[in-house]
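Using the sequences provided together with the hints, build the complete structure.
Protein chains in written order, with the numbering used here: chain A, 1 to 217; chain B, 1 to 217.
It is possible that part of the hints are untrue.
Copies of the same chain are indistinguishable here, so a pair counts whether it falls within one copy or spans any two.
PhoX-like, lysine-lysine: derived pairs with alpha carbons at most 25 Å apart [claimed, not checked]:
no., residue 1, residue 2
1, K32, K21
2, K88, K134
3, K88, K123
4, K123, K151
5, K148, K36
The hints are simulated quantities; they were obtained by calculation from the structure and are not laboratory data.
The primary structure of each chain is shown beneath.
There are 2 protein chains.
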Amino acid sequence: MQTFSEENYLKAIFHLSGTDKKPVSTNALAEKMKTKASSATDMVKRLSEKNLVEHTPYQGVTLTESGIRSAVQIIRKHRLWEVFLVDKLEFKWDEVHDLAEELEHINSPILAERLDAFLGYPKTDPHGDPIPDKHGNFEEYKMFSLNKLNKAETGIITGVSEHSTAFLKHLEKLGLTLGKNIEIVDILEFDGSIELKIDGTHQTVSREISKHILISK
Amino acid sequence: MQTFSEENYLKAIFHLSGTDKKPVSTNALAEKMKTKASSATDMVKRLSEKNLVEHTPYQGVTLTESGIRSAVQIIRKHRLWEVFLVDKLEFKWDEVHDLAEELEHINSPILAERLDAFLGYPKTDPHGDPIPDKHGNFEEYKMFSLNKLNKAETGIITGVSEHSTAFLKHLEKLGLTLGKNIEIVDILEFDGSIELKIDGTHQTVSREISKHILISK
DNA sequence: ATATTTTTTTAGATTTACCTAAAAATATTT
DNA sequence: AAATATTTTTAGGTAAATCTAAAAAAATAT
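Listed below in structure tokens is the structure:
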């Protein structure tokens with residue numbers, strides 16, 4: 001068993017490490033955890049002693065097999081609780097992240113399994129992220145950022161890569177929610193802002209925002 | 001905000017202090033928390049600095065108004081989660097205590113409120129304990145221990161004062177579940193064991209067990 | 001009323017998870 | 001390649017929550 005803090009670090013390393021499982025730098029990890037580099041080093045050492053991560057000083061950190069397994073189970077619980085909060089307790093998609101950050105640490109494989117069944121074995125969470133099954137298997141969907149689209153191209157919003165309330169509330173206000181079709185009307189040369197058509201109306205998003213909107217064709 | 005540990009101590013003091021709110025001794029508190037007296041003293045000092053308890057050295061500890069409010073909200077969450085686990089996730093009444101001990105610390109009044117609504121504002125948890133409403137109000141039912149009944153008297157099982165899996169599994173096996181009518185057939189002089197009639201059959205429970213079965217008339 | 005036992009508190013250590021400041025290693029400029 | 005800047009680690013310290021051992025207070029027994 002791990003502490004909450006250890007679990008949060010594992011999750012952070014998993015996310016920062018990406019699909020290609022590249023080493024995560026101490027600074028990146030510290031920033032993600034909103035702490036200092038020295039604290040990150042401390043924790044990495046502890047996780048290393050527990051064989052959850054591999055760490056070569058100055059060369060960054062990667063998860064071991066057992067670290068990945070652990071991280072994926074926490075992510076599974078996080079996403080299941082998000083579905084519960086939205087589908088059953090009528091929370092909005094922008095209100096569930098912080099609560100799920102707490103609930104994900106409840107330690108009971110049976111609970112996760114029962115919750116999964118109760119929710120009807122959902123495939124994705126309210127932000128479009130895939131939910132690992134009890135064995136930890138899940139497909140990473142091939143989504144890409146909205147800012148990769150060219151003028152006149154179309155796509156479907158299928159995910160977001162940022163879960164803050166402020167960001168999600170903004171998308172909601174513009175009508176940019178999961179499943180919506182969009183079409184790129186124009187890309188401003190000045191700062192890369194994107195004008196797009198959605199539900200027949202036009203909306204503009206900054207380049208920074210567009211990066212965190214994920215699209216499938 | 002309190003730490004998990006502080007919350008657990010508050011809850012322990014609330015329960016040990018009883019309906020008459022009498023002071024709780026350091027030893028009793030330490031025993032309940034499965035820790036040492038010195039640790040309990042330390043924690044009591046910390047809670048005292050936060051004005052959650054009143055402590056006169058060597059004279060025991062009582063909750064302040066604010067301590068009671070805090071404890072009752074934790075108990076509310078504990079009992080709501082137990083209802084959720086039994087009613088929605090099909091856990092048995094003997095499987096939910098430890099999970100609820102973790103879930104009760106999730107810090108969100110809105111979550112508690114939504115959960116309450118989702119469950120249909122239940123009045124009692126799976127063990128017959130009353131669930132405080134969001135203002136912290138609840139009726140203590142006037143239940144008494146089974147061993148207070150005399151030969152030939154009858155009653156209805158409406159609660160238990162012990163929540164361990166072992167105890168509850170045993171009751172389940174004997175058919176001694178909430179809502180059942182019982183009649184005292186005999187009380188053994190030797191050790192106070194009680195023979196009772198339930199659903200037409202006879203069962204015997206030790207005096208120790210009978211103390212933790214709560215009855216209404 | 002004194003002695004003994006029990007309960008409670010204090011003193012001093014330990015572990016986790018953080019911090020700041022300084023040193024060491026690596027990366028980037030010139 | 002040397003100088004400078006950045007990143008990472010080490011060293012030493014703090015607060016929360018625990019522990020053991022010893023001291024102090026209260027309760028009980030003689």
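Okay, the hints, checked on the actual structure:
no., hint, in the structure
1, K32 <-> K21, "within (17 Å within a copy, 46 Å between copies)"
2, K88 <-> K134, "both (21 Å within a copy, 20 Å between copies)"
3, K88 <-> K123, "both (16 Å within a copy, 20 Å between copies)"
4, K123 <-> K151, "neither (31 Å within a copy, 59 Å between copies)"
5, K148 <-> K36, "neither (33 Å within a copy, 61 Å between copies)"
Hints 4, 5, counting from the list given before, are not met by this structure.
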